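Enquirer: For reference, the chains in residue letters:
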Amino acid sequence: MQKLALEVKNLTVSYGSKTILRNVTFAMPAGISTSIVGPNGAGKSTLLQACLDMIERDSGEVFIFNRLFDPKEGLLAYIPQKEAIDWDFPVTVKDVVLMGRSAGLGWLGRPGKKDRELAHDSLEQVGMADFAGRHIRALSGGQQQRVFIARALAQQARVLVMDEPFAGVDVNTENTILELMDQLCDEGKTVIMVNHDLEILDRFDWVIMLNGTLIAVGPTGEIFNERNRQLTYGPTLTEIARAEEIIQKGVAR
Amino acid sequence: MIEAVRIVLSGYGLELAASMLVGMACGVIGCFVILRGMAMVGDAISHAVLPGVVVAFMLAGTGPLALFLGAMAAGVLTTVLINLIQSNSRIKGDSAIGLVFTVFFAVGVILISALPRGTHFDLKCFLFGNPLAVSQPDLWMMVIVAAMVCGIVFLLFHPLRAASFDPVMAASIGLRPKAVHYLVMFLLAATVVASLQAVGIIMVVAMIIAPGATAYQWTDRLGVMLALAAVVGLFSAGLGFIVSFWQNWPTGPAMTVVAGGLFILSMFFSPRYGIIASTVRRKKNTRHIAVEDLLKALARLPEFSATVDRLADSTGLKAERIRSLGRNLSKKGLIDVLERDTFRLTARGEEQARGMLRTHRLWEVLLSKAGIDEAQIHPMAERLEHAHELADQIDLALGSPELDPHGRKIPRKEEKEDRS
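So the protein lines, in turn, are chains G and X. Residue numbers for the first sequence, in this note's numbering: 195 to 447. Residue numbers for the second sequence, in this note's numbering: 2 to 421.
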């Protein structure tokens, strides 16, 4: 049996009375890159956050390499959006990467020599070891992304989750990220990212098409066709959301 | 002043020690308050504890435990209420905070007026702080709470830093950001309660923010920031205490003024982010660039010479500035000043200018290969080219390119540049 890197079963998530994601089930093998696509409000970020245990699920389970996801194991690494980071925060490159080691240490653990070595190795892997002492503000956009990928590597994660890594970055940084992604996949990591740019979908092995529920999932060449595109971006499923909104406002007169 | 120190040390040792420890705790927790944007919450908690203190006084009289518990209860109630208003109405955070704490404070003042005639409740001490009026048990409470706050921050430094920097990632590795949030709130409330009688409700926020803000000007690392803020808080409280004896000032305000003064000083004088340092840096940088532009402009011209007017045209600098730079460069032996207002590169100047062109263009090649945005290549190269010693390394790594990204020839090290 092929090892499944990530498996999501019957995931349903609501905010209040509004259902954002309905009954999402999929599984993907290790070592592939995946783009999550869908219109605004399709639940792309919600899917990521629910996988990471950051928001409560109504139902559903997430498995990493056939084991129920446990945040403490650190197998799933999160790489934030550029906008979500306070770039004036007093941390250097190596501080950020060392945070990845907190995964195994819990609340009271302190990183030791081995953790620092691992952090250093991870920085070397992304070619940023010379910048270890730099403040994060003093880096280019591509370098900043590398640092966060190094943090994921230091965490020894096997699945990397990136929330809109292309938001607010220039074309060159975008290319850097895509190259790093390929490199990571070659090393057996699984990379999943939310991405709005359908033009670059051919750079991804797989695609997850989302619109309130799972429309399609699989190898990009097979899945990303006109029919699925219609289903994802067409009006069909937004009607459900609209109906729910109306119900919430009150249909009884 | 020495007399003041002598009096303080002989008669008010515990008061001084408690104030300094409280200052230290303020500094430490203040770093997180600044980085997490919680200053308003700190202000709210400090004002809102008043009714808690009064109720505790009514029920249990004076006593450190009652005081602490009463104030903490009011602090917690405030934060809960603020959250409730925020999540159940369209009122935003700062409005909810502003509303809740002022009402709490008002209730506190009314409760004081309702105290039975003849009871002694020192409102002024809570408002403006006066460590000299604090009872011995309360002083010990201050010491213990301050030590606890510093100890917890030390023990939980790594998770606190991770969750403050990137809460989503922290959640993904099992460090619950909500738990961290409530922990910081708890520590903040405890610090406020411990500081109340030393610096007072109105000024405690300054004691919390100022040391951290001071430290923030000096470092890029959280650990250093915390240590610096602890020292600044400790020192501000200590010096303020002594100055208050020396000049007969009220103690709480004296400590606050010292802390504020230190912040203003470091805003001007910090070597990294200080106003003076960055102004000097900017001036130096502009001058450096102007000098380089001048040398490069001369190097590009036939005969390596030109009049000031011509140089003004090609560099965009004012003629007056070029004359002043020219005098300087001529002193350094990089240019000769020929008849009136005509500059000419000396052999040494020529060598230096060619070196600059070479480094600049090599950097441009490197940057364009590294995928840097085209518009950024020139300004980045302008900055990086000053690392002249890296030029040979880059040249080697790039395989000695002939042309820069704009198609201009890169001067070789030995040969003379083709100036056509």
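No wet-lab data here; the hints were simulated from the structure. Predicted model, so just to flag it, every value in this text is computed and none were measured. Glycine included, C-beta positions come from ideal geometry on N, C-alpha and C. Hints are supplied without guarantee of correctness; some may be wrong.
[What the hints assert, rightly or not] Cβ pair distances, simulated, as ranges: (1) G/Leu262 / X/Ser90: 33 to 41 Å; (2) X/Asn249 / G/Arg310: 23 to 31 Å; (3) G/Asn234 / X/Asp95: 36 to 44 Å; (4) G/Asn204 / X/Leu391: 26 to 34 Å; (5) X/Arg409 / G/Leu425: 48 to 56 Å.
Enquirer: Indicate, hint by hint, whether the structure satisfies it.
Expert: Structure-based check of each hint:
Range check, G/Leu262 to X/Ser90: about 38 Å between beta-carbon atoms, so the 33 to 41 Å window is met. The beta-carbon spacing between X/Asn249 and G/Arg310, approximately 53 Å, falls outside the hinted interval of 23 to 31 Å. Separated by about 28 Å at the C-beta atoms, G/Asn234 and X/Asp95 break the suggested range of 36 to 44 Å. In this structure, G/Asn204 and X/Leu391 break the distance hint of 26 to 34 Å, their C-beta atoms being roughly 57 Å apart.
For the pair X/Arg409 and G/Leu425, the beta carbons lie near 54 Å from each other, so the given range of 48 to 56 Å is met.
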